[in-house]
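Peer 1: Sequence:
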Amino acid sequence: MQFLNFLIGNARWLAGGFLLTLFSAFGQTYFISLSAGEIRSEYDLSHGEFGMIYMLATLASAFSLTWVGRMVDRFSPMQVTLIIVPMLAIGSVAMALSQHLVVLVCVIYFLRLFGQGMMTQNAMTATGRWFSANRGRAISIVALGQNAGEAVFPFIFVIVAGAIGWRMSWVAGAGLLVVVAMPLIALLYRQEREPRSSDPEPKVTAARDWTRGEVIRDRAFWLMLIGILAPPFIGTTIFFHQVYLVELRGWSLDTFAASFAFMSLMTIIFALVCGALIDRFSAVSLLPSFLLPLSAACLVLAVTPAAWAPFVFMALLGISYGFSTTLIGALWPEVYGTKHLGSIRSLIVAFMVFATAVGPGLTGALIDFGVPYPAQIFAMGVYCLAASVVLFTVSRQLRIRSADNLQ
189 MQFLNFLIGN ARWLAGGFLL TLFSAFGQTY FISLSAGEIR SEYDLSHGEF
239 GMIYMLATLA SAFSLTWVGR MVDRFSPMQV TLIIVPMLAI GSVAMALSQH
289 LVVLVCVIYF LRLFGQGMMT QNAMTATGRW FSANRGRAIS IVALGQNAGE
339 AVFPFIFVIV AGAIGWRMSW VAGAGLLVVV AMPLIALLYR QEREPRSSDP
389 EPKVTAARDW TRGEVIRDRA FWLMLIGILA PPFIGTTIFF HQVYLVELRG
439 WSLDTFAASF AFMSLMTIIF ALVCGALIDR FSAVSLLPSF LLPLSAACLV
489 LAVTPAAWAP FVFMALLGIS YGFSTTLIGA LWPEVYGTKH LGSIRSLIVA
539 FMVFATAVGP GLTGALIDFG VPYPAQIFAM GVYCLAASVV LFTVSRQLRI
589 RSADNLQ
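Quick note on numbering: the sequence shown equals residues 189 to 595 in the working numbering.
To be clear, the hints were calculated from the coordinates, so they are not data collected in a lab.
A quick note: this is a predicted structure, and the numbers were derived from the prediction, not measured.
It cannot be assumed that every hint is accurate.
Said to hold, decoys possible - With a cut-off of at most 25 angstroms between alpha-carbon atoms, the simulated SDA-like pairs for lysine to any residue come out as follows:
| no. | residue 1 | residue 2 |
| --- | --- | --- |
| 1 | LYS527 | ARG317 |
| 2 | LYS527 | ILE271 |
| 3 | LYS527 | THR399 |
| 4 | LYS527 | ARG587 |
| 5 | LYS527 | ASP261 |
| 6 | LYS527 | PHE469 |
| 7 | LYS527 | GLY401 |
| 8 | LYS527 | GLU382 |
| 9 | LYS527 | SER473 |
| 10 | LYS527 | ARG258 |
| 11 | LYS527 | ASP397 |
| 12 | LYS527 | SER320 |
| 13 | LYS527 | ARG381 |
| 14 | LYS527 | ARG400 |
| 15 | LYS527 | LEU417 |
| 16 | LYS527 | SER264 |
| 17 | LYS527 | ARG262 |
| 18 | LYS527 | TRP255 |
| 19 | LYS527 | PHE263 |
| 20 | LYS527 | ARG407 |
| 21 | LYS527 | TRP410 |
| 22 | LYS527 | GLN267 |
| 23 | LYS527 | PHE539 |
| 24 | LYS527 | LEU270 |
Take the sequences, apply the hints, and build the full model.
Peer 2: Laid out in structure tokens, this is it:
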């Protein structure tokens with residue numbers, strides 16, 4: 189009943205954030221990669237060449253995000269929405285019209301910067317600021333928009349592309365952004381949330397508000413990134429090369445696409461579980477454990493070509509994604525405060541986008557050089573185990589630091 193009252197009382201802000209992450213799909217790798225086969229065919233690109241183009245465009249978007257992302261500290265969430273959604277729609281139309289490699293690079297840059305980057309940045313920063321004691325629950329709900337997109341948009345795109353072609357499908361997506369997403373999100377975000385007397389006291393709060401310069405000089409920040417960057421790197425890599433993986437294993441693309449539903453279901457469940465755990469304990473306390481399911485997922489995908497493997501992989505990936513999406517959104521305001529949250533998050537999201545850029549390019553090049561893709565996936569699983577050990581140490585240090593600051 190308490191959770192239901194929370195949902196009802198904060199419906200407009202939760203719904204606005206949910207829609208922002210939902211429609212970030214047009215800049216997410218899993219969605220762009222649905223056109224990867226046609227793009228490589230029309231532009232005569234190898235896996236490695238397209239991966240390199242994707243990496244360069246994404247790296248440029250990550251660099252731009254470090255200063256573009258600061259707008260969330262200067263403008264309201266509604267104003268930011270009215271800027272970034274039309275820019276994402278322009279990128280979608282440009283994808284349909286592109287005929288040259290240079291244009292393709294610019295298109296991917298736009299989609300990544302304003303889709304994966306700024307749509308998520310706007311949603312998570314606003315939610316992190318508006319909520320404190322229930323921050324974990326709020327962020328878990330907002331983050332589910334991306335998972336809902338992963339569940340529905342691949343199927344929709346395949347159906348629409350089959351009817352009107354892949355290029356016109358991008359035009360249809362642009363229309364959806366302008367006609368539905370932008371006015372609806374702007375309406376929901378028109379009024380900002382203010383603290384209420386009924387809000388419970390938060391279990392953990394930052395001792396002070398850190399500046400971005402101070403965060404960069406904090407050793408714990410860089411150690412946390414060792415683990416935080418693993419899910420975007422691995423998930424993006426798998427999704428980007430999904431067509432190649434399906435061909436390699438002898439699966440059908442339809443079957444692999446169907447497994448996304450398993451990931452989305454598990455992500456929804458464990459995002460909500462993680463939100464409740466964060467509000468009860470803290471985001472820092474959960475740091476050491478969120479990569480363990482991802483490690484198991486990679487090991488399963490690497491060692492077996494069985495038909496059930498993608499479903500087990502997606503289920504385990506969903507558990508880790510559910511924890512990571514909520515955890516990452518709640519961690520930074522808990523550790524570094526909210527005053528400069530937009531600036532800090534823009535740097536962190538830039539690193540995450542950087543990880544998503546390096547993944548496809550690096551693994552694509554290794555594929556071209558003859559390094560078996562399953563062996564690469566196995567190495568990712570081992571990395572997650574090692575990163576969990578590092579995060580255990582960091583979590584302990586941060587809890588000690590927090591206790592010292594309260595004395």
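Peer 1: Which hints from the list above does the structure break, by number from lowest to highest?
Peer 2: Of the numbered hints given earlier, the structure breaks none, since each of them holds.
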